[in-house]
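Enquirer: Below, each chain spelled out in residue letters.
2 protein chains.
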Amino acid sequence: MPDARRYFDLSSPFPMKRGGELVGARLAYETWGTLSAARDNAIFILTGLSPSAHAASNANDPALGWWEDMLGPGKPIDTDRWFVICANTLGSCKGSTGPADINPLTGEPYRLDFPELALEDVANASHELVRGLGIDKLACLVGNSMGGMSALAYLVLHPGSARAHISISTAPQAQPFAIAIRSLQREAIRLDSNWNNGHYNDAHYPEAGMSIARKLGVITYRSAMEWDGRFARIRLDSEQREEEPFAVEFQVESYLAAHARRFVRSFDPNSYLYLSRASDWFDIAEHAPKEPGGGSVEAALKRIDVERALVIGVETDILFPLAQQEQIAEGLRGTGAEVDFVALDSPQGHDAFLVDIPRFGAAIARFLAAL
Amino acid sequence: MPDARRYFDLSSPFPMKRGGELVGARLAYETWGTLSAARDNAIFILTGLSPSAHAASNANDPALGWWEDMLGPGKPIDTDRWFVICANTLGSCKGSTGPADINPLTGEPYRLDFPELALEDVANASHELVRGLGIDKLACLVGNSMGGMSALAYLVLHPGSARAHISISTAPQAQPFAIAIRSLQREAIRLDSNWNNGHYNDAHYPEAGMSIARKLGVITYRSAMEWDGRFARIRLDSEQREEEPFAVEFQVESYLAAHARRFVRSFDPNSYLYLSRASDWFDIAEHAPKEPGGGSVEAALKRIDVERALVIGVETDILFPLAQQEQIAEGLRGTGAEVDFVALDSPQGHDAFLVDIPRFGAAIARFLAAL
Chain X
62 MPDARRYFDL
72 SSPFPMKRGG
82 ELVGARLAYE
92 TWGTLSAARD
102 NAIFILTGLS
112 PSAHAASNAN
122 DPALGWWEDM
132 LGPGKPIDTD
142 RWFVICANTL
152 GSCKGSTGPA
162 DINPLTGEPY
172 RLDFPELALE
182 DVANASHELV
192 RGLGIDKLAC
202 LVGNSMGGMS
212 ALAYLVLHPG
222 SARAHISIST
232 APQAQPFAIA
242 IRSLQREAIR
252 LDSNWNNGHY
262 NDAHYPEAGM
272 SIARKLGVIT
282 YRSAMEWDGR
292 FARIRLDSEQ
302 REEEPFAVEF
312 QVESYLAAHA
322 RRFVRSFDPN
332 SYLYLSRASD
342 WFDIAEHAPK
352 EPGGGSVEAA
362 LKRIDVERAL
372 VIGVETDILF
382 PLAQQEQIAE
392 GLRGTGAEVD
402 FVALDSPQGH
412 DAFLVDIPRF
422 GAAIARFLAA
432 L
Chain V
62 MPDARRYFDL
72 SSPFPMKRGG
82 ELVGARLAYE
92 TWGTLSAARD
102 NAIFILTGLS
112 PSAHAASNAN
122 DPALGWWEDM
132 LGPGKPIDTD
142 RWFVICANTL
152 GSCKGSTGPA
162 DINPLTGEPY
172 RLDFPELALE
182 DVANASHELV
192 RGLGIDKLAC
202 LVGNSMGGMS
212 ALAYLVLHPG
222 SARAHISIST
232 APQAQPFAIA
242 IRSLQREAIR
252 LDSNWNNGHY
262 NDAHYPEAGM
272 SIARKLGVIT
282 YRSAMEWDGR
292 FARIRLDSEQ
302 REEEPFAVEF
312 QVESYLAAHA
322 RRFVRSFDPN
332 SYLYLSRASD
342 WFDIAEHAPK
352 EPGGGSVEAA
362 LKRIDVERAL
372 VIGVETDILF
382 PLAQQEQIAE
392 GLRGTGAEVD
402 FVALDSPQGH
412 DAFLVDIPRF
422 GAAIARFLAA
432 L
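Residue numbers (the numbering used here), protein chains in the order written: chain X, 62 to 432; chain V, 62 to 432.
Rather than coming from a laboratory, the hints here were simulated on the basis of the structure.
It is possible that some hints are incorrect.
No copy labels: a pair is met if it fits in one copy or bridges any two.
Pairs of lysine to any residue, SDA-like flavour, derived with a Cα cap of 20 Å [what the hints assert, rightly or not]:
hint, residue 1, residue 2
1, K155, R224
2, K78, F307
3, K78, E310
Please read these numbers as outputs of a predicted model, since none were measured by experiment.
Produce the complete structure using the sequences and hints provided.
Expert: Here it is in structure tokens:
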């Protein structure tokens, strides 16, 4: 199978925020475009919970990427101008070191022996990769969804590491509705007896738990408004229906089932648990200075040092609501940065950045053109 | 244990909308106040999915009811003036006939042999009860959540059966977001191996599935806005935490767990599946006249014959969104009824009618005072 991934060895041992360390860990990454001689045209993309480093097709891997229409020659993130890097998140299962990998100290898969993962670890690993590629300062750091939280951690922990920042549909801290959803997704996996405290295998795999987790994800990633128009009360044809009691009957149910089928065996359940919990833990306020007026999201964001920022949110996003994007934009303005805040009325909810390329692409292209 | 329930025998056989019939079925109900000599002061309450007939305390059962602050002497539904009836829903498990009851034809519990249940069956059974109590015409029919859908069915199937109607946080038809949520709740129960195609018992009970279903319910019954203020990122004390991997850590998680604990053993899982599916199936448009312009929600609502109606919705309700309450209000206006539409900004989402008695009570008291 074509594979465009390259691998970067993290410092070893790589210390983790909440204790413990990783030995011999690495990040999988892909790149598009050419790094300029001055090394000043690099854009780094931090992803959501499940994507791989394959954001778009490239010479070594022609498969469509998860942000195919956003990224490439002449596209909103124009790889004729920018050198773009996307890494698989530390703790994930698409080439970067995570719970499914062999622990070199034991010769066995980490599973739940993987150290507790925080998005600050994701940020630090990504920063090592960027530095390892010989880039002192990114032209722009892009983060969406969970990756937007990792990006805020990156910018707070490494001030001056990027000239510009694009923050998309994310949060400066996890709020209780999102925590409740993710907690329930984790519970569905943990309650699946095949999860077996992380000791599953292909024959005994927490398929039911992963399916529920993914469906709940898709429900909260999209919007009721989109579905009213898209599915209404359309039913499956009788030949599409299964005979079992309480079988799926409406199109919206089979849409969810199709999403779940594609996901459950392609993402490591333990990775899912680690990254989901890391999202709940994230609170940029932890990085505020310990002084009067510290301890707040605003005080923490004030430590970020970028010249310009674009903050994009979607009105129909119930998981990362628009108010949180406004909070990020306000906080970045407090640093003296020039901040564009764009509220889009995409109907697709949280997932809009993946699918509503007309709206998102226009905002991003406009911002990057002015850099 | 004190018990205020009385029982009404439905006609036998009682025919079901989707086929089949019930033999020897009954409804459990409670009443408050006194029926006037003219039998013209009766209010009937149709409940949401899980409540019993015990809407409020009374002489025979002093336990607090699920609408305790709404209903009683001097309360918004003033039982000094009104004779109030609340029944447990047909198909439920709080005294009315449902899947957990013995099928008199076999001597075994119905379980999944209970006939397919529609909210029209709930409506018809309720109408029989009201007629059986000697009431030709209700002063007011009240329905909230699922009960609001049953109430619309009642009014369409039995025109002229109520002078007034109070419709609360409900829907004229199930929309895909709500269907997706309920479908996932049912799936969590069905995937629990202890569900065993409906053949569980106390020792092998689908506790995990019911817990996930209930938590997902609570998440969608409340609102992100309420939780931001109520839970924020408050964590449990370390002594409250369990030692297991990925244990609950935030207050919002233990709040959900407490809700689930109270529910899982107190509601029959098969009843839950039947009532949940009945909600998905509900579409008042099925009752529209078969003529040009028929087939729509509007055309169906036009068949309702009440003099006055109060339609209440909540801006933070994600399960039964305000737009659906507006649709009901508009439809009822189309019948010539005098309709009050009240949009409340209660932060508690769909559950607001249960807890925001100041706002809901004021609207209901004002409406009833003018009857």
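Enquirer: Of the hints given before, which are not true for this structure?
Expert: 1
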